[in-house]
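Residues per chain, in single letters:
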Amino acid sequence: MSWTLPKLVPRSAPVILLILTLAAATGFAAVGHLVARFTANQQARGRKLHELGLEDAKAGRYDEAIAAFRAALTCDPTNSQYQLSLARALRDSNDPRRLDEAESYLIALWQRTPQDATVNLALARVAAHRGSVEDATRYYHNAMYGVWSSDPDANRNKARIELIEFLLKKNAAANAESELMALAASLPSDATSRLEAGQLFAAARDYPSALAQDEEVLRLDPNNAAALAGAGQAAYRAGNYATAERYLRAAVAAYSQSAELRQLLESTQTVLRASPFRTYLSDAERNRRIIAAFAQAEDRLTKCAEQTGVDPNTASASPLSRLQARWIAAKPDLEHLRSPGETDLPDALMDIVFQIEQQTVALCGQPQGLDLALLLISRERAAAGQ
Amino acid sequence: MPDGPSLSTPTRLPQRLFSTLEGVFHEEVFFLILSVFIGIFSGLAVVCFRLAIDWMHLALLGPLPQTHGWRLFAVPSVAGLVVAILVLHVFPGIRGSGVNQTKAALYIFNGFIPFRTAVGKFICAAIAIGSGQSLGPEDPSLQIGASIASALGRQLQISREKLRLMAPVGAAAGLAAAFNAPISAVLFVIEEVIGRWSAGILGSVVLSAVSSVVIVRWFLGSEPLFRIPVTTFKRPSELLAYAVLGIVGGLASVLFAKSIGFLRPRLKALPRWTQYFQPALAGVLVGLIAFLGAPQIMGAGYDAMDQAMHSQFPWKFLAILAVLKIVASTVSFVSGTPGGMFAPTLFIGAMLGGAVGDRMHYFFPHLTGSTGTYALVGMGVLFAGFIRVPMTSVFMVLEVSGNYEIVVPVIVANAFSYLISRSLTDIPIFDMLTRQDGLILPSLEEDREETILRVEDAMLGVPSAILGAQDYVDANARRVQDCGDSIFLVRLHPTGWNVVTREQLQRLLQEGKGEMTLGSLLPAQSLPSLYPDLPLDTALRYVNDYPLIPVVNRADSRHLEGVISRESVFKKYGSRGAIAVPGED
Chain A
38 MSWTLPKLVP RSAPVILLIL TLAAATGFAA VGHLVARFTA NQQARGRKLH
88 ELGLEDAKAG RYDEAIAAFR AALTCDPTNS QYQLSLARAL RDSNDPRRLD
138 EAESYLIALW QRTPQDATVN LALARVAAHR GSVEDATRYY HNAMYGVWSS
188 DPDANRNKAR IELIEFLLKK NAAANAESEL MALAASLPSD ATSRLEAGQL
238 FAAARDYPSA LAQDEEVLRL DPNNAAALAG AGQAAYRAGN YATAERYLRA
288 AVAAYSQSAE LRQLLESTQT VLRASPFRTY LSDAERNRRI IAAFAQAEDR
338 LTKCAEQTGV DPNTASASPL SRLQARWIAA KPDLEHLRSP GETDLPDALM
388 DIVFQIEQQT VALCGQPQGL DLALLLISRE RAAAGQ
Chain B
846 MPDGPSLSTP TRLPQRLFST LEGVFHEEVF FLILSVFIGI FSGLAVVCFR
896 LAIDWMHLAL LGPLPQTHGW RLFAVPSVAG LVVAILVLHV FPGIRGSGVN
946 QTKAALYIFN GFIPFRTAVG KFICAAIAIG SGQSLGPEDP SLQIGASIAS
996 ALGRQLQISR EKLRLMAPVG AAAGLAAAFN APISAVLFVI EEVIGRWSAG
1046 ILGSVVLSAV SSVVIVRWFL GSEPLFRIPV TTFKRPSELL AYAVLGIVGG
1096 LASVLFAKSI GFLRPRLKAL PRWTQYFQPA LAGVLVGLIA FLGAPQIMGA
1146 GYDAMDQAMH SQFPWKFLAI LAVLKIVAST VSFVSGTPGG MFAPTLFIGA
1196 MLGGAVGDRM HYFFPHLTGS TGTYALVGMG VLFAGFIRVP MTSVFMVLEV
1246 SGNYEIVVPV IVANAFSYLI SRSLTDIPIF DMLTRQDGLI LPSLEEDREE
1296 TILRVEDAML GVPSAILGAQ DYVDANARRV QDCGDSIFLV RLHPTGWNVV
1346 TREQLQRLLQ EGKGEMTLGS LLPAQSLPSL YPDLPLDTAL RYVNDYPLIP
1396 VVNRADSRHL EGVISRESVF KKYGSRGAIA VPGED
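So the sequence lines, in the order shown, correspond to chains A and B. The first sequence begins at 38 in my numbering and counts up one residue at a time. The second sequence begins at 846 in my numbering and counts up one residue at a time.
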């Protein structure tokens, strides 16, 4: 059996080339039609598989989702959405070996559309999984300034919040704070956004800013319990105990079951009751508080010595014995508190109290009750001094 | 056979326009334009071929990640049976790769490849590869392109010389379309199919390859076959690791080639009825491997290569996949199933590269190259070792990756692999296959190894007496009086050389022409002169016509380097082994 093509009759070069051109054009059209039909079928099949994959990913079945997305990509290899879905599933599957592949897909997408905010956000999350602050910050910024298909302002703020949370997790507080400043400036004036910003400021230990955000929320919604709790906590951490008491009292009323808030309120009230530095105190009350603090310090010192098994009377080189020596030396000065010329004495006596509270924290752990209040007052004073 | 398209003018078109066009399309130009059309047609055919494989794959197996067990097992076996029947009864001569058949067409069959081969290869390879047989689509694409080109050339009744060249032009187009890599395709066709560098065909091969790639990219997009990982090469000391990869790859290449070389003739020698079942049994084995947990070895395996380059498999699994692919591709190929060796070679290389890269990182954590980089280099390593096309292997990796940073690791690893393969196997795989089929075809590797004799090897020293054409005959006669030679070179004025014998000089003296210049008495012709670096074969054209031929300097043609004679040339050839001396009975 021998197969041959039909003979071409004309043998003139221009005619041959004309016929070849027509044949090529016909072939082009026919193959184009075939490719279009095949592609359409494949795309339909790919869409089904992609939907299956999305369901699996949503349910946390990442292995099944990855298989489905891969299958979808065999049907439609250039589909950016499938590549993005696969990359996300690979990234979220908690298998560090898959991060490379996820990144490879995303970088290919990024090279095609570097301005695409979704791709940049996905890349940022891969970098965050790797713990790379530099790469994550770059891609998060790309996402913030990139093109979003819908609701760009909200998405940009969400991306910035995600970056801040990542930076806080990586202890990059300075970077986080600068991002927080930008966030605070761009946030809409709604309670939810401000409340979230307040929590982020608090996580970044910028308690005055956190308090400001929570107070803004309370201005919009005076009974917002979360804002009351946040404001109380922020004020407490900032050493603003009078304000803290006000907010915490309201928060405890709102969250009656919260032991943490109640404890904070108690600490706050103890501080307010124990502090000899409050401006409205009479001399007698101030002196009473100093004497009480001095006695509490001795008690703390004695208990700490018992806890650590150190006898301050014999172990002269120990920190506790040195503190005890200072305390004993200063005790007679309590008698002079009422003397009008002794203006520096309250500070000197409280300084010994503060030293005892601070050093016993290192040796015997976090105190409770009045000791905790004295420790907080010492920190407040130190911060005010700085 | 006619010399090409005649330039007779059809009557329906304006006479002048037609004459002008025909004047433009002399055969060389026509051949170049034809190369573009070959590229277009081959590209269209390869697009359809790839669609057919994909369609077949989806229809028979479904998307591989979701294929069920029984299908993995049953489909390649049944498809193997169908392919065997087609190969034995409808399309004989389409077994195997197609590269060696294309080369045979060039050297033995005057460029003739039946069009039926293209059709058969298209159908059978699509069924085989689509059903999961462990073979690739590149070599069949090459043969389909060559077959289309050959059929077109025959239909257009172009000259025999050009028809012979049509097959490699089509082959380059087919391979370039399959690989989406025109440079590698051109180099492969030159290294493996044509077997020698030929400036005459290079333009056509490049044109066809580029035009076919344009067609494929038009329809299927310009996405590479696999996503390339980020590749880096920073420390020269890391070359040692790549050398280890080259050695491992070289040994794997030898194992792969020897397995095929051992099994293929033995299976072919079995009774004919067994050939109905050989592809089916190969399918059973491939299906079994897939069923037992390695479906990645089915078909071309580009998805698995992609995953290997992105560190998706642990090193042990990569090594196991490499070994299983050698087994699967060997049985698929030697069973006579139509399909190519390129993709399996790349697969094995990627898996081995990934495994070696992983171990290197384990033992030497400071290495900068990712596992994916090793997988990429591994592809070239197997290509260099198995197919033994060193240049193509380097350029293929560069072209596929688009990254020139890894050129040095690729060259180093490929060199080791190539050297190991060459030292442990006598001939490259495609030469071995053609010899098993009873054909002996030239190869570029043999050309490279052959020591070429040059004119300087047979050159005698400058003669003691050189005569001047402007000197008198008696002065020239006195000059040669004490010389023992019988033939003398004569320096012509201003340039050129002639020759005169002692007897001719004596006769001129006897005729009383002693006071005439020698030049005025010699025939007005100049001897051809040669250069020392020319191949000695060039001298063979002249040694029967002239007793002495001057060898001159290329920078100064008046400066004589020496002479060669018929005896000196034949003596030199004789010293390399017995040869038939023209004119000697």
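For the record, the hints were derived by calculation from the structure and aren't laboratory data. Don't take every hint at face value.
What the hints assert, rightly or not - Here are the simulated lysine to aspartate or glutamate pairs, DMTMM-like style, with alpha carbons at most 25 angstroms apart:
| id | chain 1 | residue 1 | chain 2 | residue 2 |
| --- | --- | --- | --- | --- |
| 1 | A | K85 | B | D1148 |
| 2 | A | K85 | B | E1068 |
| 3 | B | K1079 | A | D172 |
Unchecked claim - The following label-pair restraints were derived from C-beta to C-beta distances:
| id | chain 1 | residue 1 | chain 2 | residue 2 | range |
| --- | --- | --- | --- | --- | --- |
| 4 | A | R134 | B | E1250 | 20 to 26 angstroms |
| 5 | A | D188 | B | W915 | 44 to 50 angstroms |
| 6 | B | P937 | A | R167 | 43 to 49 angstroms |
Note that the Cβ used here is the ideal one computed from N, Cα and C, for glycine as well.
So, going through the hints one by one against the coordinates:
1. Restraint check: the Cα-Cα separation between K85 of chain A and D1148 of chain B comes to about 20 angstroms, which is no more than 25 angstroms; the hinted pair holds.
2. With a C-alpha separation of about 23 angstroms, the suggested pair K85 of chain A and E1068 of chain B falls inside the 25 angstroms cut-off, and the hint holds.
3. Between K1079 of chain B and D172 of chain A the alpha-carbon distance is near 21 angstroms, which keeps this suggested pair within the 25 angstroms criterion.
4. For the hinted restraint 20 to 26 angstroms between R134 of chain A and E1250 of chain B, the CB-CB distance of approximately 24 angstroms keeps it satisfied.
5. Between D188 of chain A and W915 of chain B the Cβ separation comes to about 48 angstroms, which falls inside the hinted range of 44 to 50 angstroms.
6. For P937 of chain B paired with R167 of chain A, a C-beta distance near 57 angstroms fails the hint of 43 to 49 angstroms.
Violated hints amount to a single one, hint 6; each of the other numbered hints is respected by the structure.
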